[in-house]
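The listed protein sequences derive, respectively, from chains L and G.
The first sequence begins at 512 in the working numbering and counts up by one.
The second sequence begins at 11 in the working numbering and counts up by one.
Heads up, some of the hints might be wrong.
[What the hints assert, rightly or not] The list that follows gives simulated cross-link-like pairs (lysine-lysine, DSS-like), each with its CA atoms no further than 27 Å apart: (1) K155/G <-> K621/L; (2) K285/G <-> K251/G; (3) K318/G <-> K753/L; (4) K366/G <-> K798/L; (5) K780/L <-> K126/G; (6) K149/G <-> K65/G; (7) K126/G <-> K743/L.
Hints were generated in silico from the structure; no laboratory data involved.
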Amino acid sequence: MSVILNKDSRIVVQGITGAQGSFHAQQCMEYGSKVVAGVTPGKGGSTHLGVPVFNTVKEAIKQQGADVSLIFVPPPFAADSILEAAYAGINKIICITEGIPVIDMAKVKKHLNTLKQSGREIIMVGPNCPGVITPQECKAGIMPGYIHRRGSIGIVSRSGTLTYEAVWQVTCQGLGQSTVIGIGGDPVQGMNFIDALRLFKDDEQTQAVIMIGEIGGSAEEEAAAYVKENFKKPVFSFVAGKTAPKGKRMGHAGAIIEGSSGTHEAKVKALRDAGITVVENLSEIGKVVAGFVKAEA
Amino acid sequence: MKFVEYEGREIFLKHNIPCGGCFAVVKSKEELKELNVKSFPCVIKAQVLAGGRGKAGGVKIAKNRQEMLEILEKMLGMEIATHQTAGKTIKVEEVMISEFVQPEREMYMAVTMDRKAGRPVLIACAEGGMSIEELAVKKPEAVIKVFADPQEGLMDFQARDLAYALSIKKELFCDFTLLAKNLCRLFIEEDASLAEINPLVITKDGRLLAIDSKVITDDNAYFRHKEWDKIPDRDSCDIEKEAKEIGINYIALDGDIGCMVNGAGLAMATLDTIKLAGGDAANFLDVGGGANVEQITRAFKIILKDPKVKAIMVNIFGGIMKCDNIASGLVEAAKNVNINVPLVVRLEGTRVREGKDILAESGIKIHQADSAWEAAKLAVELAAKNGREG
Chain L
512 MSVILNKDSR IVVQGITGAQ GSFHAQQCME YGSKVVAGVT PGKGGSTHLG VPVFNTVKEA
572 IKQQGADVSL IFVPPPFAAD SILEAAYAGI NKIICITEGI PVIDMAKVKK HLNTLKQSGR
632 EIIMVGPNCP GVITPQECKA GIMPGYIHRR GSIGIVSRSG TLTYEAVWQV TCQGLGQSTV
692 IGIGGDPVQG MNFIDALRLF KDDEQTQAVI MIGEIGGSAE EEAAAYVKEN FKKPVFSFVA
752 GKTAPKGKRM GHAGAIIEGS SGTHEAKVKA LRDAGITVVE NLSEIGKVVA GFVKAEA
Chain G
11 MKFVEYEGRE IFLKHNIPCG GCFAVVKSKE ELKELNVKSF PCVIKAQVLA GGRGKAGGVK
71 IAKNRQEMLE ILEKMLGMEI ATHQTAGKTI KVEEVMISEF VQPEREMYMA VTMDRKAGRP
131 VLIACAEGGM SIEELAVKKP EAVIKVFADP QEGLMDFQAR DLAYALSIKK ELFCDFTLLA
191 KNLCRLFIEE DASLAEINPL VITKDGRLLA IDSKVITDDN AYFRHKEWDK IPDRDSCDIE
251 KEAKEIGINY IALDGDIGCM VNGAGLAMAT LDTIKLAGGD AANFLDVGGG ANVEQITRAF
311 KIILKDPKVK AIMVNIFGGI MKCDNIASGL VEAAKNVNIN VPLVVRLEGT RVREGKDILA
371 ESGIKIHQAD SAWEAAKLAV ELAAKNGREG
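With the sequences and hints as input, model every part of the structure.
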């Protein structure tokens with residue numbers, strides 16, 4: 512078992528004819544993912560990378576049975592693309608696009624919440640994230656496929672490249688991943704740490720979780736509180752930004768230190784208080800996790 | 011984008027938020043002779059991007075023209091440090107001369123994005139003027155929070171609730187509810203990440219006025235706000251501006267190890283790793299996910315513009331970013347720029363083999379490392395030992 516994606520997932524790529532969408536759709540196909548359709552308004556009826564392109568997500572579902580959407584649409588139109596997928600009936604939406612205005616995501620979130628309240632089980636991952644991969648089954652994102660290996664470690668992360676770092680170290684230790692979820696670093700996002708932990712909690716394949724956080728916001732603190740009460744599997748964590756100067760915006764909208772909340776110190780303390788192992792040296796994440804898993808076995 | 015008070019005031023007025031009068035904005039001492047202010051006393055306020063100006067001498071009252079000129083003479087060009095400037099000073103290059111109002115009551119009101127709720131939140135407080143951060147810690151019950159809808163803004167009933175909670179008197183009730191709604195509307199329409207009034211004043215002559223106007227907007231929304239082009243970037247140093255122009259996120263720091271990394275998280279973690287290895291980074295540099303050879307070449311030039319740099323550490327984990335692109339950029343940069351400091355490179359990810367081949371065949375002296383930790387240790391060691399080789 513795995514979470515979010517498996518070998519039967521049928522992906523529609525929104526923005527498949529753009530440069531990024533095209534490159535990464537192909538990479539996903541080469542990895543073995545079932546990319547069954549593309550959507551680019553105005554280009555319906557054509558074929559791209561050997562799959563049919565539709566004008567709307569609705570058609571992609573009807574004609575090709577798509578059940579996962581992977582979005583590469585540029586920022587001015589990306590929020591609308593998420594809503595198009597959601598209202599068309601897709602329940603797993605992964606938005607890679609970086610640079611969506613925060614207020615647009617707040618509007619998206621409002622709509623998704625309404626749909627969820629009406630009974631839909633929608634998972635939205637991102638935006639501004641590397642995507643989701645279930646190794647050796649399905650890759651829906653921009654992560655390099657070869658660094659992954661099927662295994663028992665669930666990984667959830669706010670940062671793209673830090674996710675790869677953690678994945679690669681786990682793989683180099685001879686272990687593997689159940690599912691890797693990049694939730695992205697934007698201030699208003701779809702899935703958060705707790706949502707991911709809930710999925711990993713019920714997943715038999717996942718035996719331990721790595722949670723990669725960064726300064727800013729309070730997602731790590733909230734996740735720590737959740738773990739303390741509800742999560743029995745071992746959790747390992749790294750929090751980036753210990754040495755970041757105060758008040759400086761370091762790329763991610765999420766990575767801003769405001770006041771005393773969201774600091775590295777506060778996060779590490781909350782995580783440790785919840786029984787989570789916090790790794791200080793980025794390059795030792797894999798080693799620490801492997802040490803634990805091998806001792807258990 | 012951060013706006014100074016008088017620019018924020020213009021945005022406030024556009025959204026029908028009443029503000030104290032502005033008589034002039036002075037940008038140089040040459041303008042003082044021509045300066046025409048008739049209403050005294052007046053208030054002279056340094057236009058800097060930091061709160062806490064008042065305590066730091068950035069807000070003064072002048073009783074007459076003579077006093078006003080003396081204050082302006084001193085304030086223009088003065089270096090100011092507040093609790094929000096992180097131990098550094100900011101030079102005062104612009105000064106606003108504004109109406110002197112006598113407050114009967116001072117309040118605080120702001121709208122920002124609540125990440126957890128994913129909605130704008132209006133924060134208000136019956137006491138204004140002082141540091142809201144302090145108040146939030148000392149008297150959290152005094153801080154009122156109201157969530158606004160990201161499309162509708164603040165509803166009438168929410169604005170009324172707020173007015174009752176703050177005991178707004180009858181005569182100003184409608185002015186107040188309208189102002190609160192307009193501030194939320196401003197936040198949504200201007201793509202703000204912060205719109206703050208501190209203090210919001212009820213004057214002795216019975217007016218409701220914004221006496222300060224702090225606006226910060228979301229850079230991601232630039233594509234629909236071309237009017238931001240007119241606003242100077244006061245928040246970045248020259249190198250940071252140059253980096254921004256070519257789409258690279260660069261922040262100058264105090265150490266001596268130049269960094270080039272892809273991804274904000276990995277870039278931050280790289281700074282942490284350098285610190286752990288006993289060194290300090292000279293910069294934060296995120297080349298982003300889609301950088302091309304030209305951008306990477308220019309990123310190297312930017313790093314080397316900082317005379318403190320004694321070694322460079324490149325830490326790339328390719329996802330969107332392909333390692334062969336980084337390698338080609340590196341080789342191009344080495345041809346065009348004299349990289350006169352040791353260069354430590356750690357590549358991993360998409361097309362890593364091609365990237366490593368390009369580096370190996372180029373003949374450039376590069377120290378390769380297999381992990382961020384190894385690269386950081388090596389960079390720290392080389393920086394301490396060599397300094398500039400050229």
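The hints, checked one at a time:
no., hint, verdict
1, K155/G <-> K621/L, "19 Å, holds"
2, K285/G <-> K251/G, "26 Å, holds"
3, K318/G <-> K753/L, "22 Å, holds"
4, K366/G <-> K798/L, "25 Å, holds"
5, K780/L <-> K126/G, "20 Å, holds"
6, K149/G <-> K65/G, "21 Å, holds"
7, K126/G <-> K743/L, "24 Å, holds"
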